[in-house]
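A.B. asks: Sequence lines, in order, name chains A, B and C. Residues in the first sequence are numbered from 1 upward in steps of one, following the UniProt record's numbering. Residues in the second sequence are numbered from 1 upward in steps of one, following the UniProt record's numbering. Residues in the third sequence are numbered from 1 upward in steps of one, following the UniProt record's numbering.
A portion of the hints provided could be inaccurate.
[Said to hold, decoys possible] Listed next, the stretches of chain B that the computed footprint assigns to chain A, with coverage defined by at least 3 CB atoms under 8 Å from CB atoms of chain A:
1. 16-24
2. 58-72
3. 169-183
4. 255-269
If you are wondering where the hints come from, they were derived from the structure by calculation, not from laboratory data. In this text, a Cβ means the ideal position worked out from N, Cα and C, and glycines have one as well.
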Amino acid sequence: MVWYILRRVLQVIPVFLGATLLIYFMVFALPGDPIAALGGDRGLNPAVADAIRSRYHLDEPFIVQYFYYLQGIFTGNLGTTFSGQPVSEILARTLPVTFRLAIIAIVIEAVAGILIGLIAGLRKNGAFDTVSLLFSLVLISMPIFVLAFLAQFVFAIQLGWARTTVSGEAPFSELILPAFVLAFFVVANVIRLTRTSVIENLDADFVRTATAKGLSRPRIIRVHVLRNSLIPVVTLIGTDFGLLIVGATVTEGIFNVPGVGNTLFKAILLSEAPTVVSFVTVFVIVYLISNLLVDILYAFLDPRIRYGK
Amino acid sequence: MESNQSSPSPLSETHFVASLDETPLQATDSVAEDSKPSNLYIDAWRDARRRPLFWISGVFIVLVIVVSVFPGLFTQIDPRLCDLGLSNNGASAAHILGTTKQGCDVYARIIFGTSTSLTVGIVATVINTSIGVIFGALGGFFGRWVDAILSRIGDIFFAIPYFLAAVVIMSVFVQYRNVFVIALAIGAFSWPGTARILRGQVLSVKNADYVTSATALGVGRLTILWRHVLPNSIAPVIVVTTIGLAGAIVAEATLSFLGVGLPPSVMSWGNDISTAQRDLRNNPMTLVWPSIALTSTVLAFVVMGEVIRDALDPKARARR
Amino acid sequence: MSQPILTDPMDQHRIGAPLLEIRDLQVAFATQGGMVPAVNGVSLTLLQGETLAIVGESGSGKTTTALSVIKLLPGSAQITGGSILFDGVDLTTLSEKELQKVRGKQIGFVPQDPMSNLNPVWRIGFQVEETLVANGKATRGQDARAKAIAVLEQAGLSDAAERMRQYPHQFSGGMRQRVLIGIGLSSTPKLLIADEPTSALDVTVQRVILDHLAKLTAESGTSVLFITHDLGLAAERAQKLVVMYKGRVVEAGPSIELLQNPQHPYTKRLVAAAPSLASQRLQHSSTSVSGADLRGDDGVDVDLVATAEDRAARAKKSLTAPPAVQVENLTKVFQISSGKLRSEPFTAVDSVSFSIAKGTTTALVGESGSGKSTVARLVLKLDEPTSGRIVVDGRDLADTRGKDLLALRRRMQPVFQDPFGSLDPLYNIGATIAEPLRAHRVGDRHEQRARVLELLDQVSLPKQLVDRYPNELSGGQRQRVAIARALALKPDIVVLDEAVSALDVLVQAQILALLGELQSELDLTYLFITHDLAVVRLIADNVCVMRKGKIVEAASTSEVFDNPREQYTQELLAAIPGAGIKLGA
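Same shape as in the complex, but just chain A (with noise of 0.2 Å):
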């Protein structure tokens, strides 16, 4: 368990570097000018460009550029964005609200994906799947920012449940709609992943085995179906990951939730692009994390994992 643990951490090294070096590739060694880019349609004065230019080192060679920027997440020190606050203080203000957001929807999403799963898989063809069948593939379908309107016209301004914009505070009243939007954008695959690996274990040998040693339905449900199916459940939703990251861009942007999701979203929209980069950085950081996290995790779900050769 120690080995594998070790491994994965020595494996995340080199991808770290790798990906870290490939973003600031992208950003300042591809032919487009990310400070051209700053000025939109007007262009920027030469001047103000040149003091861009040294502030973010764009004077040096590309390599020692990388070492600058690799040296400033290490630091803690990601920039300034144009307005002139430090990056790493405006993370420090907004991955909490980020975080509690994504922790509710992860929640929902775990517990209604492995929920109807289950129930589909159990009845297979049987309404209950159809309708869940049709219900996912309707969502996996449907772009964020389309869910996210949706759910702002009927919930908010037609039914008026809820706000349709989260205040400063972000409590966690407010949080539950865009949780379930951000949610319902990742569910899909997690109900239909379920219901493939309950009808897969419901026919596995070893089902029958506890079938045969005497055992309850819902004894062999729970310990012998459910407990198989989780392994891979749990792995998808950790790869999943990455997609709730853009989700919640669209998600915060749309319900203005102070998170890091909206921040960026505002950069986006304000051709910020050093301040695009630092926070793609962190969200990849970030999700090297969790990837290792879910790594960790599926080897405590799987003991071939745990004690494998």
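Given the coordinates of chain A, assemble chains B and C onto it according to the supplied hints.
C.D. replies: Just chains B and C now, with coordinates in the frame of chain A:
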């Protein structure tokens, strides 16, 4: 009809023998000579064509393709000819889905926006699949250092969710925002998923005895990969390709919605939805129609992917 | 329909009253084309304390019959008629809840594949304990734990207390099967259903486990319903046999009686084809059942004894022929990852030497992990040896490259075990057989086509198969196609890696006969890799017994069988199912 024969040995118990009439003997291992040829892909086609969902989504996809190539067949109205006097009008005989705030015809804009979505979807998928198949097939088949290098490169690209990568690229490439750059941005970062799936398949197929037999015949490695291994491991890639095409369409719309996709001058469903959101309270229908067009197109590809997945998986077919 | 009476009043006091009576059982499977019967009017009676074996090939309905008893059938199957009386209660009428009380508690079950029948995510102890608790044999906690340890100890698992904490993947196949037997017997049921309990295990392990099972059930007076495809094994382990064929019982009666005096033509076929019994008959040449008797009326049957006797006569003269394959001090070391950051060397083949005379068959026999298949791969130059020499027709394999290697490959072709993996599912039969011709650019399209048809004829397959795909063929037919492909380039040497192991006995006998015919017709040299000593006796001229990478004994077939010198060879011989039955005594 049974006969109880007593056995020659006096001490033994009853010896039952069924009559030959009831249990006629057939030739051992006889061949069914009247069946039609069938293999994975033939069976999949037979299975898929029996399912209504295949035809519904298939017809819709064909319709989307026809609309993209010949938008003029579906509307006489010029989507760019907007009349501010018609701002936010409801549905009428002239404008069957109403008009936008700028007074443009909603229906015409949807028709002319179709090719944008489809082009991005197809180009991004071609890029994704080409890189994914090359990396996955070579890595899985040759193993060792080839695999180690290709897999690590895949890990690095996989670590950056393709949507975020596209956001970065599109933020930098302000001057170059067009259909092909956006497709490249999406395709260039979504291939590791394809590569991983194919690699897994190749790893299991390459140990099959028919691959070993071909090796023992002296067939070259690349020929074996091309003739035996790829055809037998590509099925899941066909599925993810179809669903990935839907994903690329969604990604383009989302990027356009965020303002880092296509410039407003390009007609695209994402741009239309983005414009319409400012008027959500007054005229929600201008947001709803392009959303429906977008969602149903994506749905058609997703459903097609699911039908193909079921058809290509004999286990799933048996489960139904 | 009248019922066959299997009980004899005289035996009542010795064995006991009927425990299980299946009467006219009908089971059907729902398919797209409607209900297809799988079991058709099966009746049998099992007495208390008795072991009864149902024997049949795959698709005979033997497993379906057994699973019907405790309704473990898959969802698409349905009991459509008949009754199953267990201790006076008709099990077919019970509700799911009532059945739950019968399962485990009164009727235990030992499944076929030890690899897939234990849940991989739970500890062994947990899986035994939950059985005891569910059947009211223990209360949760310390009590269950103590009793579970006792169950595992009784099942013959050493260090039971330690083993409780381990997971199934940390166990070998034999150990897992012991656990499953322990679970099946944990609540001292009156009846144990054992569905091919050892078919996935090595023969020596099979023997030990079945001996142990017999001891346990004899002690507790448990009746056993034993399902197997192996007639020899069935006769050795059960007092009574029920032979099934296409969903029906064709013959039933006391084991020895059935073997010595089979009446139904199907039973005769089975007795003639079972390698273990055939090798028995060879042993005792004064057998009561001669080969001629067993030959069916339709002429398609084969008698293995006759085939093997042919061989023996022919072999005498060819043993002096020059060697086609010479293997000297062959060694192969693999690097195995040890779970940490390093890898460890593992010697799969350890200085193995043998040679095969032209036109003869040498068998490499061994259990799983003996290295026999690695030798096959090395001879085929699919892997490079770590050291040692392989000489084929005077040429050292190591020095053969490029054009020469291609020429050499033409002369040496493999046939593999798995009939489902040996043919590319996307190539039709014609393309599969023609592949060697295309790869070596032999002839034009028309000539290749003609050669394919000729080869199909040679392996007795109809030429209509040319444009079919492998999934439409049975295992035996696929293996014929694989043989045809191997023969396409007219090789001199064929490496058969477990080529008949996955086949039903009758089909296996046909393929063995085909191989024999082809050998004498085309003067082929065979390297025959197998785990099954009984088959070896029927096909090989020389035998090399392998164990843990080394050859422990090498001699002519008759010497190895009549006069085994090494203890391991003796164990293997003794473990051949049915070896203990005196057919002609």
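A.B. asks: Which earlier hints turn out false for this structure, listed by number in ascending order?
C.D. replies: 1 and 2
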